[in-house]
Amino acid sequence: MTLQLDNVTIAVHGRRLIRDLSASIEPGCVLAVMGPSGSGKSSLLAWVAGTLEPPFEARGALRLDDADLSVRPIQQRRIGLLFQDDLLFPHLTVLGNLLFALPAGDRNERVRAAEAALAEAGLTGFGPRLPGSLSGGQRSRVSLLRALLAAPAALLLDEPFSKLDTALREQMREFTFATLATRRVPTLLVTHDEADVPPRAQVIRLTDA
Amino acid sequence: MTNARAGGSPATRWRNGWMRAAPLALYALPLMLALVLALAQAADADAWRALAADPQLPRALGLSLGSALVSSGLALAATLALVSHLHGSALWAWLSRALAPMLALPHAAFAIGLALLVMPAGVFARLLAPLAGWTAPPDWATVNDPQGFGLTAVLVGKELPFLLWNAVALLNRPDVAASVRAWLGSGATLGYSRSAVWWRVLWPLLLPRLGWPLLAVLAYSLTVVDLALLVGPASPPTLAVIAWQGLQHADVARNAEGAAAATLLGAVLLAATLVLAAAYRPAQRAWQRAALDGRRRPAPRLGAALGRALLGGLLGLYAAVALVLLASSFVGVWTFPSLLPQLWAGEAWLQVRGSASVLGVSAGLAAFAALASLGLVLCWFEATPATWDAHVMPLVLAPLVVPGLLLMAGLYNLALRLALDGTLAGLAWVHTLVTLPYVFVALAPAWRSFDRRYEWTALALGRSRWAFWWRVKAPLLAAPLAAALAVGFAVSVAQYLPTQFIGAGRYATVTTEAVTLASGGQRHTAAAFAVLQALLPAIGFALAAWVGRRQRARIG
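Read top to bottom, the protein sequences are chains A and B. Be aware that the first sequence starts at 497, since it is given in this note's numbering, and climbs by one per residue. Be aware that the second sequence starts at 5, since it is given in this note's numbering, and climbs by one per residue.
Be aware that one or more of the hints could be misleading.
Stated by the list, open to error - FRET-style restraints, in silico, Cβ to Cβ:
id, chain 1, residue 1, chain 2, residue 2, range
1, A, 561, B, 209, 53 to 61 Å
2, A, 628, B, 470, 24 to 32 Å
3, B, 258, A, 569, 53 to 61 Å
4, A, 509, B, 509, 57 to 65 Å
5, A, 679, B, 22, 39 to 47 Å
6, A, 569, B, 293, 55 to 63 Å
7, B, 388, A, 569, 16 to 24 Å
8, B, 293, A, 628, 48 to 56 Å
9, A, 532, B, 13, 28 to 36 Å
10, A, 661, B, 470, 34 to 42 Å
11, A, 628, B, 132, 51 to 59 Å
12, A, 509, B, 293, 38 to 46 Å
13, A, 569, B, 317, 53 to 61 Å
14, B, 452, A, 502, 33 to 41 Å
By construction, these hints were calculated from the structure, which means they are not laboratory data. Everything numeric in this text was worked out from a predicted model, so none of it was measured. Using N, Cα and C, we set each Cβ at its ideal position, and we do this for glycine too.
Construct all of the structure, not just a fragment, from the sequences and the given hints.
See below:
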């Protein structure tokens, strides 16, 4: 599926942060939005996710193939979200977090799907553990798996590597973008770090409004 | 250009609409109507003339105002001293931990216990008897004394933990804690002791943030009835008791006189608040001028000792009160000056067992009030942004700062019009009204600071708001939810005025029984009811603590 942004304008208190931005993200491709703090990149991401709230105002179209997403509530957009914190639910086990994301269905099949995803990410046997007992890298991987198990049509990444140490950051970048390319998920990445941007990504640079 | 969410979909707008309307209709509207009705009842020239002609009035008003101002002032001074000298020390954690059980002990139970300690045939007199050579109880006027010293002492004892709890909550807020740490550090590098930084810099800045709790303390002590009946002066009593007697009278003219007295108390509270607020700015300026004299003194040893002594005294007093209540409930024969009873007996508890319904009514009412107020508070929190809280805070805190008598007189009038007086439903509703502010204040910090990205993450995974609420938010906030329920439960158990007014004498609770029995001199049975009165909230707080420990053990 292709994620399409048409003539997006975002303003706050009458000040335009983004003016008439258009972009198209093909399956498995990455659009990186870069810019300094206050340039509107996180507001753009919030608008795409459906979490932008007043006093922000927005105009423009958001389409997934032909479907207009901008009128849908967040839970019906099928757009996954990953923040700089992994935001794993700390009271649920790793398996519980993954089952929360999987669509309803036969429990055994859902458990098998979650365990297969863990195995694919090198986390076999981690299902019964609580997030608090995992390392930073393991938590990040579980967080990505959780987002993907909900079968999102697109994914939004908000500075997803900024809280990892240097060695882990490189490892997570490779894991994340390889996984997203394999699953052909269009991805919108917001970052201020050039190193986060994968080689073939489109880049939009926002200036400080 | 349109607002990003502009209130959301029609379904969301409808849901938010009724979730906002429910607390306003069931809580705010009745409170406002009650105040209007109470003031209307008091708007009777004859009632004011009768009140003015009452020869007890000047003395009663003086007793009310004196005990309220002195007890609030002493409790505040002790709070400032304790925080200044103990903050950052090893005893600070002790103090923080000890506050919950102290707050859980209801006012009436504390007053009954303190009276058992200090009355002429009380434990203190028995301890002194061998030294003083007493063979009969001394001629002390420590309880029900005409000057109101006993009442003032009880008020200080109960207000101090409340003010301390508010101060600790303020200082534990991450933003305040970080600033306080930084200022204490800066003060130390400039050569000032910690307590000097507190008195010279921190208190002038932080004291206004304790304004609401201080106002609540002043309002409570000015208008309290049950404690005044238990340990206050009798002839004349405080103005609150005179108002209470008038409002309870069968004669309508006396009711109006009672309402006038309650209104007078409200006016006195308003005047005292305005005077104190107006005096604060000049006092703060003078305080800061004095604080900038540049003198560095070594940390005062006397101050640290005072802090330790105050903490020890407070903990010791509460332990002694708890022990004497428990012991007295088992006393059979205890002649003066014997330090221990000659005969232990379970008669008081047999009487308590005979009134099991009292326990059922207390626990049932408290459980309902806690759950209903939690429901209303959650409706509000879930349907409004956090920034709205500041706008509704005066309404939320109204039952704490409006004189209880005035509010209850109005609520009684409202209940009469709705045919809810003397009904369990009316009683449950009014208990909910007085419980809600505490549940709101207890839950707001945790609920409002919950990371909204969890919600967005869950919704982005395609799950419904309800699934997120039930599977993620409620379990993650189980500890503050349990704590808020325990606070609400404890507040309801301790209510005296609402039960007497709205219950119209048809429903007894452990609190009304304890106060009635103690006022009638039945000390041992009153002590047994006071133990129950303390035990019910203690069970609630213990359960909340268990939930909190379980939560911490699971997610750290």
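Consistency of the hints with the structure:
1. In this structure the supplied range 53 to 61 Å holds for residue 561 (chain A) paired with residue 209 (chain B), their Cβ-Cβ distance being about 58 Å.
2. Between residue 628 (chain A) and residue 470 (chain B) the beta carbon distance is about 26 Å. The supplied range of 24 to 32 Å therefore holds.
3. Distance hint check for residue 258 (chain B) and residue 569 (chain A): the Cβ-Cβ separation is about 60 Å, which falls inside the suggested range of 53 to 61 Å.
4. Checked against the hint of 57 to 65 Å, the pair residue 509 (chain A) and residue 509 (chain B) passes, with Cβ atoms roughly 59 Å apart.
5. Restraint check, residue 679 (chain A) to residue 22 (chain B): a C-beta distance of roughly 41 Å satisfies the suggested window 39 to 47 Å.
6. Range check, residue 569 (chain A) to residue 293 (chain B): about 58 Å between beta-carbon atoms, so the 55 to 63 Å window is met.
7. Take residue 388 (chain B) and residue 569 (chain A): their Cβ atoms lie about 19 Å apart, and the range 16 to 24 Å holds.
8. Remark: the range hint 48 to 56 Å for residue 293 (chain B) to residue 628 (chain A) is upheld by a beta-carbon distance near 52 Å.
9. At roughly 34 Å, the beta carbons of residue 532 (chain A) and residue 13 (chain B) sit within the given window of 28 to 36 Å.
10. Between residue 661 (chain A) and residue 470 (chain B) the C-beta distance comes to about 38 Å, which sits within the given range of 34 to 42 Å.
11. The beta-carbon spacing between residue 628 (chain A) and residue 132 (chain B), approximately 56 Å, falls within the hinted interval of 51 to 59 Å.
12. Against the hinted window of 38 to 46 Å, the Cβ-Cβ separation of residue 509 (chain A) and residue 293 (chain B) comes to about 41 Å, which satisfies the hint.
13. One distance hint, 53 to 61 Å for the beta-carbon pair residue 569 (chain A) and residue 317 (chain B), holds here, with the actual separation near 58 Å.
14. Residue 452 (chain B) and residue 502 (chain A) have their C-beta atoms about 37 Å apart, which keeps the hinted 33 to 41 Å range intact.
In this structure, none of the earlier numbered hints is contradicted; all agree with it.
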